[in-house]
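Sequence order for the protein chains is Y and V.
With the first letter of the first sequence counted as 1, position 433 gets the number 433 in the numbering used here; the numbers rise by one all the way through.
With the first letter of the second sequence counted as 1, position 11 gets the number 461 in the numbering used here; the numbers rise by one all the way through.
Derived by calculation from the structure, the hints in this document are not laboratory data.
Note that beta-carbon positions come from the ideal geometry of N, C-alpha and C, so glycine has one too.
Every clue listed holds true.
Each pair of labels, with its calculated beta carbon distance range: (1) Ala207(Y) <-> Thr649(V): 15 to 25 angstroms; (2) Arg128(Y) <-> Val1283(V): 22 to 32 angstroms; (3) Ala816(V) <-> Ile319(Y): 28 to 38 angstroms; (4) Arg128(Y) <-> Asp1224(V): 27 to 37 angstroms; (5) Arg972(V) <-> Asp271(Y): 45 to 55 angstroms; (6) Arg332(Y) <-> Ala1189(V): 21 to 31 angstroms; (7) Glu751(V) <-> Ala207(Y): 30 to 40 angstroms; (8) Leu204(Y) <-> Trp872(V): 25 to 35 angstroms; (9) Arg332(Y) <-> Ala943(V): 53 to 63 angstroms; (10) Arg332(Y) <-> Thr537(V): 25 to 35 angstroms; (11) Ser237(Y) <-> Lys1247(V): 14 to 24 angstroms; (12) Arg128(Y) <-> Asn1161(V): 28 to 38 angstroms; (13) Val525(V) <-> Arg212(Y): 53 to 63 angstroms.
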Amino acid sequence: MIITGSHLPRRTFLRGIGTAIALPMLDAMTPALARAVPATASPKRLVFTYVPNGVSMTGWTPQGVGANFELSTVLKPLAAYKDDMLVLTGLAQKNGTALGDGPGDHARAAASYLTGVHPKKTAGADIRNGISADQIVAQHLGRATRFSSIELGCDDSRTVGNCDSGYSCAYSNSLAWRSENSPMPPETNPRLVFERLFGADAHLDPAARQRRMLHRRSILDVVGARTRQLSSSLGASDRRKVDEYLHAVREIERQIEVAESDVRDLRPGIDKPTGIPVAFADYVKLMYDLQVVAFQTDLTRVVTMMVGREGSMRTYPEIGVPDPHHPLTHHRNNKDWMARVEQINVFHAELFAYFIGKMKATSEGDSNLLANSLVVYGSGLSDGNRHTHEDLPVMVVGQGGGLLRTGRHVVYEKETPMNNLYVTLMEGMGVPTTGVGDSTGKLDYLTDVS
Amino acid sequence: MRRALILLFVAVASLATTASSGPAAGDRQPDRATFDAVVKPFFEKNCTDCHNDKRQKGGMNLERLANADAMALHVDDVEHALLKLRTGEMPPEDEERPDPKAVEAVTRWIEQEFARLERVTPPDPGRVTARRLNRTEYNNTVRDLFGIDVRPADDFPQDDAGYGFDNIADVLSLSPVLLEKYMVAAEKVVRTAMFGYDTQAPTLVRLKAPTAVVAPLRTPPAQYDTTGLSLPNSAHASHRVTVPGTYLLRVFMNGRRPLGSMPLRIGVYVDGVLSAEQRLDPAAQASFDDDEQELDGKTLEFKVPLAAGERWIAATVLNLFDGLPARFSGPNPSTHPEQHRVSEFTPPPRTVSAERLAQLRKDFEARQEALSKAPINTARVGRLEMAGPFEPDVTPSRQALQAIYACGHVPGAGRPAPHQSWCGLKNLSTVAQRAFRRPVAREELVPYVAVMARAQHNGESFDEALAVALQAVLVSPDFLFRLERDRVSPTGAPAVPVSDHELASRLSYFLWSSLPDAPLRRLADRRALRQPGVLEAQVRRMLADPRSSSLVEEFGGQWLQFRALESVAPDRDKFPSFDNYLRLSMRNETMLFFEHIVRQDRSVLEFLDAKYTFLNERLATHYGVGGVSGPTFRRVDLTGGQRGGVLTQASVLTVSSYATRTSPVLRGKWVLDNLLDAPPPDPPAGVPALDESAVGQTASLRQQMEAHRANPTCASCHRRMDPLGFGLENYDAIGAWRAMDGKFAIDPKGELPDGRTFHQPSELRTILLQDRQDFSRALSSKLMTYALGRGLERHDKPTIRGIVSRLPQHDYRFSGLVLEIVKSLPFQMRRAVPAGVTAP
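Next up, chain V with everything else stripped away, as it sits in the complex (with noise of 0.2 angstroms):
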């Protein structure tokens, strides 16, 4: 087998440089003789019993292949079948095995034949529908128009969603729903852009903030978090902040506390660092236990400033064991007098009976029994609700004011010349060419300045005309689609190439999810977009940039999944430990190991492999990994651990897990999908159970999945999928490294169909590193798909093949593959329309 697999990578390596080569003489006809003298025996042998006319096994009829010139109206068909065939998938593990040449032989012919076909169809790049903005896209551009960051999409319906990303130009719609809110969002941008933010009532809101389970505690550790952050007691929330200002926190607290404690001390931490703190005296009030301070239903309030963007808000409890009664040999004894609780039983004044009095004294002892076990540590947050803005900067943005009055005439410090009569159309202009993304000729802005005059003709003044129209321009469809011209070709050729225009847009959406800025803007406007090394010079400086963090957020969140982190919900009697934090820590370390593979321009194999990542104090405890304190986020070395690269974190695990318990079938299509482009076909209807409740206790999961194994149908894909997701088994469905599910050790192992084995996870990536063309091919493909906006076509194939195998020449660099993207025959170019047809 091993041998097919050489002889196979070598076919597909001369395949890659002879299919960059055009039609050559032989090429018009398909290479018959060999076809009668060994495929057609093949099929007729191992295939056709199941897979014919009548049969048609899986939905797949070979039986149709009567003859070479078939292939080429069944390409479809013929290519799953080789795909089965390389994997040893089919026949199926029951059938008699064919022998390893001829199934060479057949796997070479087609292979040839695939790329003869591929040489005499011309060049298609491929056509992209009129491409709305996504929610994403539409809140870069307005930041990036005006430099303000209010985020309206943000209340925008779902962008749907196809080939499993959301900015897919066939899919996105345009419901009146959606109109309405653009109408809204234009009016809410621009008078935030002209006249400051609008002042309204501050709101309140409940942050959703799941907490944790804390285990009860009798004795104060040697060490713990005193900062709180990691610890369960906390409360953390991420909130999206569209108007900075003052904001008041209202943090709920639960729990008790040892009377006579000293006060607790809550901390409110913005983004990691201590913003605001107060002390919570319990005893201050009264309350009702012997020996406790009750804290549930306190709340204490906190003004915090806030800037605009996402904020992680965290409320903690600093120094929990600090202040506790000397009894208890925690640092920093409280210096209150101990409080003698009653330690004595005293009789009632009245007389009782003997039973009664017995009867007292058994239940005072019950009681002293179960005081002096009540634990420590129970002080808590509960809830936080956020208010505000309080006292709002609403004095508009020098930045954006700027970037409106283009005359020059800006509002606010000292005072402005009046405007001049050329000023409406002048601002109107340069904020449209920026907007639409275009040069924009005069009588195109000729109806935005008469809603100006219009506006001013109804006692509109110039400012309040001016947004008027500039609300016009955002709504657009100049603004909201991206649209390209249809060109007709003066050669004939079937491709145009974009103009440096609609490049710099299609550059600057892939790589920042927003419009061009001024240099890219500039070198477009010259034409010079194209000249030798400034592609390459513009991607480099893109990537660099930090508004390429939307490849991180949009790209990665998509194909990695980690975007589902949003609505994973652990089970919490079953992962008592998941929190908020944790949630959010997971997400950052992906995010941040995706950002240095970006910014440090890593080789994109770290993805499958690296000796390092990204963890704070909370992640680090969960991944079992020493030193690491505090809650930044820093560089980790991973070496001789278990875990590197994407598959080992708790993001991808997590996601790729069931709320109750992991699911190997799940990972293991997580990574024949997103890592090996190999996604298994769906599974048949009306497959049995797996007994849940036995897993774990009469059965491991390994186990009850032999089942898979035992039925050669299943089999046939099970044999690729299972053995992926038990090799992760380690990691129970929250990410932690586990050695035993429920009473059984896990065992680990696993064998691929083409007889590669791995004992530890470690090998299992080593394998994956040893697939990387299957790997390169995929992350090219979905590279790819997000870069157009459009899935991949059969007319595709010659160009990620290409670029597959120029990534080494790279050093499988992620610059590399960008580039490699950005220079493609898809990326630069268009289907030409045929002669006669107008263009716009």
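With the rest of the complex left out, here is chain Y (with noise of 0.2 angstroms):
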């Protein structure tokens, strides 16, 4: 696709076609890309798939190496997708590990997944994790789309009682981090997923979402200034709470104003989800259609989704598994136990492949959605039974727009960071970084086979 200076607008295509489609790239509408992105391609993107508790590792590891390698029991719901995964043996979250901190391995995993750095173990006070990779990416892109990114989860239960041994539930909930304080919680009801993408008010005429777009700046307007006068005169604490709230005027300013400069006519092509889904697998794919969506219309170009929040005890009674995963993930190698684990993990790696599927068959220009996007499989802890942090389930499916050399598995040598891959993921989109947590620099043999 070839990025011209000048563009036809894109109310011209409108008018000359009033069906429901969902717009593509097309070449001679697309403007001049954001200075951030690679003039030579679509748009690339980025996700991160968790699954929480760790996986069933025997079942996970492939046998071979390199191009020439076995799917495993696990893997095996995406053999038809082999030759666009990479599968990474060895990486490890070293900052998940307990350093000194004594119990909260699920808390740690998930704060420390996408930031590679050790949270705070605090209950409520002073909660402080880092950036997550997805965050800088976003912040660096974000501006390109209306949304910067966008958080989901599959978790729609309320978290009672405390949550992993003197870590505050805000760790376990969230995998992205805008800040060091300040986690992204993630939308776990497809309905309202929707309405954020194709706005609550599209039942109204053009006119009446004009003069709603013009009140909401004016309310914007408003509690800004007060906003800001407010919090010259608050503490140190109290301004970090009230900081955050200045942010997200500022984030929803920039959000109108990239909507109001974007007049596609939005159609997601899925009926308007009414609520989450009974059973898990429907649910599930409802979340993941949404995000192939999200993508089809350019409304982001960053998702994080959280199949299970951290210590998930969600029973799978459907594939013959009633006991709630969490205790079951500590099997203390009693064989049953682990069969289970496997089945739960097989069947998330199902969902997946049904995702896969669904962004390989989105055309895109001359290619597909996958081709162009980076999506990342995992969790943040291997073996669920001792909690370990290192040899970590991972696997990236897509080639990111012509960056990774993919169908292969890759071997690390032990205790290889994590973070160097978010590095790798992050250059590659064209965002700059000093690193992520402790990251050593970039991994090797993903952009090439030597």
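Now that you have both chains on their own, put them together as the hints suggest.
Now the structure itself:
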């Protein structure tokens, strides 16, 4: 696809055709993209899909290294996409380990997964983590899209009581952290995700919608000014809270600006969900559908999804596992329990295969959505029984617009930082970085075979 | 050991009185002499072999306490050590037992040193960060501002929790997603209040209504629930209605009915009251089975009017065993003519071989056999769907309009006078004062008035422009955060009282999770809140008010953790009787019980043991309690039974179990965490397996867990946890009584580390009542955390101790506890800022 300096306004296109189709990036229409995105391809997308409580590593790790590897039991559901995946063995998140803080591996696993930072152990006072890789990318690339990133989750139950051993629930509930104090809690209701993407006031006529936009700006002006005034007179910890508010105001103002200059008539191509589907498989698939739609309509390019929050207690009677997930992973080498954990892992992989299938089937320019994306699938724990944070189950699917050489199983030296993967991906997306967490540089063997 | 305990109690009691006085002359120095003579040698003899600089077993290093002054630097460690000494967990079982007199002397020294340290530390009310309204508080606040219950916060992302509660200031964050939702919510609330509900197309949702397994019956029982509510043939759902109106309930049926039965009667109950009824006559459609009417896939649609709020919807088969063919001898037999099924074998018209004939005859007889055994009660409700609202009431509520149009020109009935120039400011000012929970100066309102003016300038009507300005009020940080001003103390004291408005706000969010109402506000306006007797009167008024139900749902649901009932999923194979009706009933029992203690101002010790509870028929059957019929909850006397207090309520028993079995460790931990303020530390990594399949088959759960006691490292904590859990083993994972666990009889005996034993659950309850100091401390700490919105720190200990010591004076009444908290230092005061820092 060739990007030219001039472009046809999208309105031209719309006036010609009045049908409801999702708009792909057509050549003549593509505006000169924001400087951060390389000008030779469709925009790259970055996705992190997280599964909780670790994975049965005997079921996950493939036999064989390099291009000739055998798909393991857990990875078999993705057989059709073997050539698109890079299974990485040996990566570690050192800052998820105790390092003297005692128990709390689930909270640490989730908190350190994308940040590479050792989170502060606190049940509430003074939460402190780090900024997550997806948010670094979002802050750089997000200006080009209405939503700089989207956070999704499939655990719609409320947490009750204490979460993990002296750590506030904030650590195990969110993957994305905008700053070291501000988690980005995921959206768990598909109806609300849809409404966010396509507007709750889609039923209003354009004039009414315009008026509402105007009012929102007016409101944001007032409350933004008031907050700035307030912030200057507050103590440090109060100011931190209120500053989150200010940042949010700025972010929404930006969204409104982008939305105003985006005159496309966005049609989702799927019906508006009515709520959370009762069957878990339907729920997760719907959330995957919404991601694909968000990419197709270019409303965002960065998505994180937690298939379950860390420490998830979900039961899976539909696949014959009525036991709650977390206690099951403390199998202590009981063969029956280990088999059930593996069943859950396979189930999650099947649902993920659905997602990858959809991405691959979505054409984009002369390629497809998957080829232009980097989808990382994995968990912050490997062995849920012993709470290990090394030899993590990780795979990247998709080539990221020609960045990765996929179709291989790569084994790294023990304790290679997982964060090195993020550095590579970020640079591949055109985001300059000085490092993430305890990263030591880029990860070899991803972009070339040698 | 008992003597040691009595002496300890005496020591603590004397501390309670001495701790309240200020520093004495001898307080400046620790008692070094006794430390060197008694404490240090004790540590060296019994502790520092394991807990020294090099080994630091359990992360504890007592070698650091080289002299008396070192205590002040390692208070947390010493406190930990003290707890272990008092309960007898340390030194471990397999070590030489120290002389009880020495233990006594050491603990007394430590406690006195703690007390001294407290006396010399200036009182510290702590500091609460700017506290964002959580979801419940947002919903309740907008409800009480405008009198409409739209509940927009149900669409907000979940609030993160800390210290066990979701209203902790430091943990509540504000992401851009949340601000987007605040803006949408403000629009929705203001527009619904001013212009009525937004007419949108009705939506169809499938209700979450998991059903139980129907055990097949072949003859009608002598007695059964004719409403069908407690039978497994029904489906129950809890549905939140935000827009009142008419809803369409679609009921999907399953199962079969013997041929010749009368039509089925399907009933729809709303909140336990029969709302609609329809007949389903499967014979009207052709069916395929010789002797049965097929119900699968048949649907019925009911139109039900629903008010806003949480509604309990149930669809049942009424009089399930009525109308059956006469041959079943059930009540009110069918009047349809007996439809003779083919009862004799007829050979086929064509000639067949003798073998074939014999086979056909055999098949026929087998079929007759099967049909004669067919159950008669499989007709059931399978699934529920709800569509709506149809015909919603779209006129704006009168109450809401009056709240908004303080100028008096309320639109609607009659022709109100036109608005004057002062109307905009007046209306905004009135709403803002209530929304911001404090007086609002005119200058502060200027930007909001400007928003209104700008909108009017762009062509909006007065009402539309006012709506926009009100939305800004609801998005303002002054609304979304509970902000308290930093103040300098005129006397240089470390703490200053919060203002009357701030105190009123703290009070209303504590007891109602909502903003202060008019009477409370007026007292704050007049600065009368702290006058003698006023605070007590307000607390009592507020506890008696229906809005105090938020204490039950929010505090109770998180302290007793019955909120977790929303997401428990007991294994259907092991617990076929668990359905939504049981789940909802369990939750209701504990909520009514808690509410009773609050409204009737009962002693909080009744949480531990009470001779009553609240049951409906479903739950009573589950408990094996007779004489309770119908879906309504009523108070039931439990004297002479095994149950009493929260520990034997199904809600608590279920949330402290796994989906597939009970866990004495989980239950013991639950008791330690929530009732005794003694949370156990987490287990070490690499714990060996529990053979779950063997449980109940080759070894009882208890026998399997003996491994905990065999290993001294494990025993140090499990000696406390396991007995408490085993004492409750008679209650299965969904709270029903059982005498057997598989092949093994339940043995509920237990022994606590201090030697006290019990042989049945009621004796365990008596023991817990003996530990009422611990319970009082647990409840006071948790309620204080909830009230303040921050975790408790060391400097709060004197406050909690004081409260616990004064509870007996209130006869342990709930209002007494609340009053103690409301009058306490951290609730009344804030840390003062040093002079020279400007206040906003």
